[in-house]
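Student: Letter by letter, the chains look like this.
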Amino acid sequence: MNVTVSRSPKLAVKAATKVYRTASGDFMALQHCSLDVHRNEIVSIVGPSGCGKTTLLRAMSGLHGLTEGEVMLDNQKITGPHPDIGIVFQEANLLPWRDLDANIRFPFEIKRERPDRQWIEHLLHSVGLDGFGGKYPRELSGGMQQRAAMVRALALKPSVLLMDEPFGALDTFTREEMNRLVESIWLDTRTTIVFITHSIEEAIFLSDRVIVLTGGPGRVAREYPVRFERPRSSEVMATREVFDLTNAIKRDIVGERESRLNGSAPQREATS
Amino acid sequence: MDSSETIPEFRKGGASKGGEASLANLSAFSRGSGMASAKEVLAILGVAVVVIGGIELALRFFNVPQYIMPTPSAIAYALFTDFPLILPHLGDTLVELLGGFAIGACVGLILAAVITQFPFAEKIVAPYILILVTTPMLALVPLLILRFGFGYTPRIIVVALASGPMVMINAATGFRRVDSAKIALARSYGANTLQMFWKIRAPMALPMILVGLMIGAIFGLLTAVGAEMVGGGFGLGNRLTTYSSMIQMPQFFAVVVILSALGILIYTIFFLIGKKWASWEA
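In order, the protein sequences belong to chains A and B.
Heads up: the first sequence begins at 1 in this note's numbering, then just goes up one per residue.
Heads up: the second sequence begins at 1 in this note's numbering, then just goes up one per residue.
Some clues are possibly wrong.
Claimed, not checked - Derived lysine-lysine pairs resembling DSS-like cross-links, with alpha carbons at most 30 Å apart:
{"no.": "1", "chain 1": "A", "residue 1": "Lys250", "chain 2": "A", "residue 2": "Lys14"}
{"no.": "2", "chain 1": "A", "residue 1": "Lys157", "chain 2": "A", "residue 2": "Lys77"}
{"no.": "3", "chain 1": "B", "residue 1": "Lys199", "chain 2": "A", "residue 2": "Lys157"}
{"no.": "4", "chain 1": "A", "residue 1": "Lys157", "chain 2": "A", "residue 2": "Lys135"}
{"no.": "5", "chain 1": "B", "residue 1": "Lys199", "chain 2": "A", "residue 2": "Lys111"}
{"no.": "6", "chain 1": "A", "residue 1": "Lys77", "chain 2": "A", "residue 2": "Lys14"}
{"no.": "7", "chain 1": "B", "residue 1": "Lys39", "chain 2": "A", "residue 2": "Lys111"}
{"no.": "8", "chain 1": "A", "residue 1": "Lys135", "chain 2": "B", "residue 2": "Lys275"}
{"no.": "9", "chain 1": "A", "residue 1": "Lys111", "chain 2": "A", "residue 2": "Lys135"}
{"no.": "10", "chain 1": "B", "residue 1": "Lys276", "chain 2": "B", "residue 2": "Lys199"}
{"no.": "11", "chain 1": "A", "residue 1": "Lys111", "chain 2": "A", "residue 2": "Lys157"}
{"no.": "12", "chain 1": "A", "residue 1": "Lys14", "chain 2": "A", "residue 2": "Lys157"}
{"no.": "13", "chain 1": "B", "residue 1": "Lys123", "chain 2": "A", "residue 2": "Lys135"}
{"no.": "14", "chain 1": "B", "residue 1": "Lys123", "chain 2": "B", "residue 2": "Lys199"}
{"no.": "15", "chain 1": "B", "residue 1": "Lys39", "chain 2": "B", "residue 2": "Lys276"}
{"no.": "16", "chain 1": "A", "residue 1": "Lys77", "chain 2": "A", "residue 2": "Lys111"}
{"no.": "17", "chain 1": "A", "residue 1": "Lys135", "chain 2": "B", "residue 2": "Lys199"}
{"no.": "18", "chain 1": "B", "residue 1": "Lys275", "chain 2": "B", "residue 2": "Lys199"}
What the hints assert, rightly or not - Okay, the calculated beta carbon distance ranges per label pair:
{"no.": "19", "chain 1": "B", "residue 1": "Tyr77", "chain 2": "A", "residue 2": "Pro96", "range": "46 to 52 Å"}
{"no.": "20", "chain 1": "A", "residue 1": "Ser184", "chain 2": "B", "residue 2": "Ile124", "range": "54 to 60 Å"}
{"no.": "21", "chain 1": "B", "residue 1": "Ile124", "chain 2": "A", "residue 2": "Ser259", "range": "46 to 52 Å"}
{"no.": "22", "chain 1": "B", "residue 1": "Ile269", "chain 2": "A", "residue 2": "Asn40", "range": "53 to 59 Å"}
{"no.": "23", "chain 1": "B", "residue 1": "Ala48", "chain 2": "A", "residue 2": "Glu139", "range": "33 to 39 Å"}
{"no.": "24", "chain 1": "B", "residue 1": "Pro136", "chain 2": "A", "residue 2": "Arg112", "range": "45 to 51 Å"}
{"no.": "25", "chain 1": "A", "residue 1": "Asn40", "chain 2": "B", "residue 2": "Tyr267", "range": "57 to 63 Å"}
{"no.": "26", "chain 1": "B", "residue 1": "Ala261", "chain 2": "A", "residue 2": "Pro115", "range": "44 to 50 Å"}
What the hints assert, rightly or not - Examples of chain A residues toward chain B, derived with CB under 8 Å:
{"no.": "27", "residue": "Ser61"}
{"no.": "28", "residue": "Pro81"}
{"no.": "29", "residue": "Ile87"}
{"no.": "30", "residue": "Phe89"}
{"no.": "31", "residue": "Glu91"}
{"no.": "32", "residue": "Asn93"}
{"no.": "33", "residue": "Leu95"}
{"no.": "34", "residue": "Pro96"}
{"no.": "35", "residue": "Trp97"}
{"no.": "36", "residue": "Pro107"}
{"no.": "37", "residue": "Glu109"}
{"no.": "38", "residue": "Ile110"}
{"no.": "39", "residue": "Lys111"}
{"no.": "40", "residue": "Arg114"}
No lab work stands behind these hints: they were computed from the structure.
Note that this is a predicted model, so its numbers are computed, not measured.
Built from N, CA and C at the ideal position, the CB exists for glycine as well.
All chains, please: the whole structure from these sequences, using the hints.
Tutor: Okay, structure coming up:
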């Protein structure tokens, strides 16, 4: 891989604006939102509910278009779902009528490709799901379902993995376990990851950079580099630096929200 | 103030799953009918013996005449001795039922699958479907007999007309269940319309389709028997009118027993299919 390619961002969002037309008028979810994600990087996007995180991620995945602006993958404009982008959804989103093996086979069936058995076995092993292939989703715990969903997303070896609040529905302990799993998978594959969450702790633990998105309409407020060694131990996560970083991000989000609630001119446009 | 709920969401429950509250639900009728233990079987049989025996004793004790209500033993005897006479009529009814149901179910399923892809067309067609579902198709039998005579034809047509809409309305409910997260999943891998249908929509609709097929088949049986009672010299419905006009009550009830056995058979078949193919929903 030559130097010029690796310097250009893996994934770039350029002046993204998204307006939803609803019965109660237009709603601007994103306004001139720009950000870069570099190759092999983990970037988290944090922000309050309704700040446009999911809209942003869906635009990155090519599932939804933008009203204005564009998303570039390897300098190519994304116009629809892209085979090089894997998605892990908010809930595991497994197909309940298929067992685990068949769920992981699903992307290959759609693409009419032969599943790479060895790679899938390796993934299943690394998330601790070997031997569960014959189980149906309802027979698995939430954490196991989400691990299976990660295997499904990685099975096609995407170079970018988009994760949309994947562990929001899990309890704290399972969530921490899942975060360590994401870290170990990243150490193994170096897949570029965009991780959407409203947990600041999760964002700091996982990311090389944390991007704070503020709502009404959504735009990038600030960006925090996180430079701790990986794998990140719980000792590192308990240091003063992490504590300060957490508070800084929290202030960004809460402060912005309060100024919005305390009667400063509402930013949310109804451009009708 | 917070208008986030007006924005299309991937999940968050709510309107994401239509059609849960329908005529029937597979999971509802699969409950409580699991494997019975030996003790339970004994209890069930015991109660049956007490109920049937009680009826037998009561009818004998009060000297109820046979033309009002025959005893269970008389019915059982008639069922045994007259079964060879009833059997061809059972065959006739099955031919009408299977033929009419096959036509009705196929048309209903295809219509449901097509129509739910076009919400606007669905709105236009919906009232007519509702009329087909709510009008007793038996009402058409005299007309159909005028046109097609006393053979199988009018009966098969009316069975198809009775079962088809039932299949269609339930299957449409199934096909309308859009889980946008699963659609998005398939779309993220570049699924085409056909793949979307066979790999997402159809399996998602399957439990409701089975409910529709079961209700359609039972409606078909009702309508077949009704049509046989209107005219034509064969079929179980015709046996009912014949035996009652000749006041052969044990034979009459023997036919009723056969009809309920048919109904239970239909239910059991779809229950077993549902258990095999749609148990993920329960």
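Student: Now look at each hint and say whether the structure bears it out.
Tutor: For each hint, the structure was consulted:
Between Lys250 of chain A and Lys14 of chain A the alpha-carbon distance is near 26 Å, which keeps this suggested pair within the 30 Å criterion. With a CA separation close to 20 Å, the supplied pair Lys157 of chain A and Lys77 of chain A stays within the 30 Å bound. Between Lys199 of chain B and Lys157 of chain A the alpha-carbon distance is near 22 Å, which keeps this suggested pair within the 30 Å criterion. This hinted pair checks out: Lys157 of chain A and Lys135 of chain A have alpha carbons roughly 24 Å apart, not beyond 30 Å.
Pair hint Lys199 of chain B plus Lys111 of chain A holds up; C-alpha atoms about 12 Å apart against a cutoff of 30 Å. The hinted pair formed by Lys77 of chain A and Lys14 of chain A meets the criterion: a straight-line CA distance of about 10 Å does not exceed 30 Å. The hinted pair formed by Lys39 of chain B and Lys111 of chain A fails the criterion: a straight-line CA distance of about 53 Å is larger than 30 Å. Taking the CA atoms of Lys135 of chain A and Lys275 of chain B, the gap is about 16 Å. The hint holds against a cut of 30 Å.
Distance check on the hinted pair: Lys111 of chain A and Lys135 of chain A sit about 24 Å apart at the alpha-carbon level, within 30 Å; holds. About 18 Å separates the Cα atoms of Lys276 of chain B and Lys199 of chain B, which keeps this hinted pair within 30 Å; it holds. For the suggested pair Lys111 of chain A and Lys157 of chain A, the alpha carbons sit about 13 Å apart, so the restraint of at most 30 Å is met. For the hint pairing Lys14 of chain A with Lys157 of chain A, the CA-to-CA distance comes to about 26 Å; that is within 30 Å, so the pair holds.
Between the alpha carbons of Lys123 of chain B and Lys135 of chain A the distance comes to roughly 40 Å, so the proposed pair goes past 30 Å and is violated. Of the supplied pair hints, the one linking Lys123 of chain B and Lys199 of chain B holds, its CA atoms being roughly 26 Å apart against a limit of 30 Å. With a C-alpha separation of about 26 Å, the suggested pair Lys39 of chain B and Lys276 of chain B falls inside the 30 Å cut-off, and the hint holds. As the CA atoms of Lys77 of chain A and Lys111 of chain A are separated by approximately 21 Å, the hinted pair is consistent with the 30 Å bound.
Distance check on the hinted pair: Lys135 of chain A and Lys199 of chain B sit about 19 Å apart at the alpha-carbon level, within 30 Å; holds. Taken as a hint, the Lys275 of chain B and Lys199 of chain B pair is honoured in the structure, with Cα atoms around 20 Å apart against an allowance of 30 Å. About 51 Å separates the C-beta atoms of Tyr77 of chain B and Pro96 of chain A, a value consistent with the hinted range of 46 to 52 Å. Checked against the hint of 54 to 60 Å, the pair Ser184 of chain A and Ile124 of chain B passes, with Cβ atoms roughly 56 Å apart.
Range check, Ile124 of chain B to Ser259 of chain A: Cβ separation about 51 Å, and the 46 to 52 Å hint holds. For Ile269 of chain B and Asn40 of chain A, the hinted distance range of 53 to 59 Å is satisfied, since their beta carbons lie about 57 Å from each other. Range check, Ala48 of chain B to Glu139 of chain A: Cβ separation about 37 Å, and the 33 to 39 Å hint holds. In this structure the hint that Pro136 of chain B and Arg112 of chain A lie 45 to 51 Å apart at CB holds, the actual value being about 49 Å.
Range check, Asn40 of chain A to Tyr267 of chain B: Cβ separation about 59 Å, and the 57 to 63 Å hint holds. Between Ala261 of chain B and Pro115 of chain A the beta carbon distance is about 48 Å. The supplied range of 44 to 50 Å therefore holds. This hint holds: Ser61 of chain A has a C-beta 6 Å from the nearest C-beta of chain B, less than the 8 Å allowed. Proximity of Pro81 of chain A to chain B holds as hinted, the smallest CB-CB distance being about 5 Å (cut-off 8 Å).
Interface restraint check: Ile87 of chain A against chain B, minimum CB-CB distance 5 Å, threshold 8 Å, status holds. A least Cβ separation of about 6 Å between Phe89 of chain A and chain B falls short of the 8 Å threshold, and the interface hint therefore holds. Hint on Glu91 of chain A holds. Least Cβ distance to chain B is approximately 6 Å, under the 8 Å limit. Residue-level restraint check for Asn93 of chain A holds (minimum Cβ-Cβ distance to chain B is 5 Å; threshold 8 Å).
Residue-level restraint check for Leu95 of chain A holds (minimum Cβ-Cβ distance to chain B is 7 Å; threshold 8 Å). The restraint placing Pro96 of chain A at the interface with chain B holds, with a minimum CB-CB distance near 4 Å, inside the 8 Å limit. Nearest Cβ of chain B to the Cβ of Trp97 of chain A: about 5 Å, under the 8 Å cut. The hint holds. With its C-beta approaching chain B no nearer than about 5 Å, Pro107 of chain A sits inside the 8 Å limit, and its interface hint holds.
A least Cβ separation of about 7 Å between Glu109 of chain A and chain B falls short of the 8 Å threshold, and the interface hint therefore holds. Interface restraint check for Ile110 of chain A: the shortest CB-CB distance to chain B comes to about 4 Å, inside 8 Å, so the restraint holds. Satisfaction of the interface hint for Lys111 of chain A is found here, the shortest Cβ-Cβ separation to chain B being roughly 6 Å, below the 8 Å cut-off. A least Cβ separation of about 15 Å between Arg114 of chain A and chain B goes past the 8 Å threshold, and the interface hint is therefore violated.
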